[in-house]
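*Asks:* Fit chain B to the given chain A structure using the hints.
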Amino acid sequence: GENVEQHPSTLSVQEGDSAVIKCTYSDSASNYFPWYKQELGKRPQLIIDIRSNVGEKKDQRIAVTLNKTAKHFSLHITETQPEDSAVYFCAANPYSTGFQKLVFGTGTRLLVSP
Amino acid sequence: GAVVSQHPSRVICKSGTSVKIECRSLDFQATTMFWYRQFPKQSLMLMATSNEGSKATYEQGVEKDKFLINHASLTLSTLTVTSAHPEDSSFYICSARAGGASGGNEQFFGPGTRLTVL
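Residue numbers (the working numbering), protein chains in the order written: chain A, 1 to 114; chain B, 1 to 118.
If you are wondering where the hints come from, they were derived from the structure by calculation, not from laboratory data.
Here are the simulated BS3-like pairs of lysine-lysine, each with C-alpha atoms no more than 25 Å apart in a straight line: (1) A:K22 to A:K71; (2) A:K22 to A:K42; (3) A:K57 to A:K68; (4) B:K14 to B:K64; (5) B:K41 to A:K22; (6) B:K20 to B:K66; (7) B:K41 to A:K42; (8) B:K20 to A:K42; (9) A:K22 to A:K57.
Pairwise CB distance ranges (calculated): (10) A:A70 to B:K14: 48 to 54 Å; (11) B:P86 to A:K58: 42 to 48 Å; (12) B:E87 to A:I62: 36 to 42 Å; (13) A:Q81 to B:S9: 25 to 31 Å; (14) A:G98 to B:A2: 18 to 24 Å; (15) A:R51 to B:V3: 22 to 28 Å; (16) A:S52 to B:K66: 34 to 40 Å; (17) B:E63 to A:G98: 22 to 28 Å; (18) B:C13 to A:E79: 44 to 50 Å; (19) A:T106 to B:P86: 21 to 27 Å; (20) B:S83 to A:E15: 47 to 53 Å; (21) B:E22 to A:R109: 26 to 32 Å; (22) B:S5 to A:A29: 29 to 35 Å.
Partial pick of chain B residues on the chain A-facing surface, computed with a CB cut under 8 Å: (23) T32; (24) S43; (25) L44; (26) L46; (27) T49; (28) I93; (29) N105; (30) E106.
Don't be surprised by glycine CBs; every beta carbon is placed ideally from N, CA and C.
Next up, chain A with everything else stripped away, as it sits in the complex:
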């Protein structure tokens, strides 16, 4: 089945710095890669996603890049702010489930210090 690995597990940055979180996936047929932000005790919120027919997508301070050949995708947050502090999860949709399900990475705890 699909395996999604996520690094790093924790990331501490100063306000204004950039943060990069990386994920790799195993199922080359996966075609949808969302990123979720989860604050403590809250629901995961979709912040950006990318499909396999594009290599990069940007939404203000957030961008996602996808390398299908290498089977990895990354989340880039620029000009980080303290309110960006949260746990971020990547996910992929494996072909083996008819693309219905999402397999999540292990999460990255981002801490942005003022």
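*Replies:* Same frame as chain A, now just chain B:
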């Protein structure tokens, strides 16, 4: 955006009792809903996939007789934890996926239910 509600947000129960959690899609029809469990500082683990009008599909290792799932309408799925034990204490989160040809891969999550079994 799509809104998913979940009720209750918190529940405390005694060991051996059953607890029902409701998941509703408020502004769209969800042909498929998913139930996840999340332990502290861990990722979301899929428990089962619920399709409207059919039996749920459970992930390996999840006891279907213990975690009863019903998806009776396009806007409501329920998870019943039967004979709950302390090890069932966790954060249970549902998500919903829009159906039909226009439905994408996006899953919209409910706010979660914190279950504590004493």
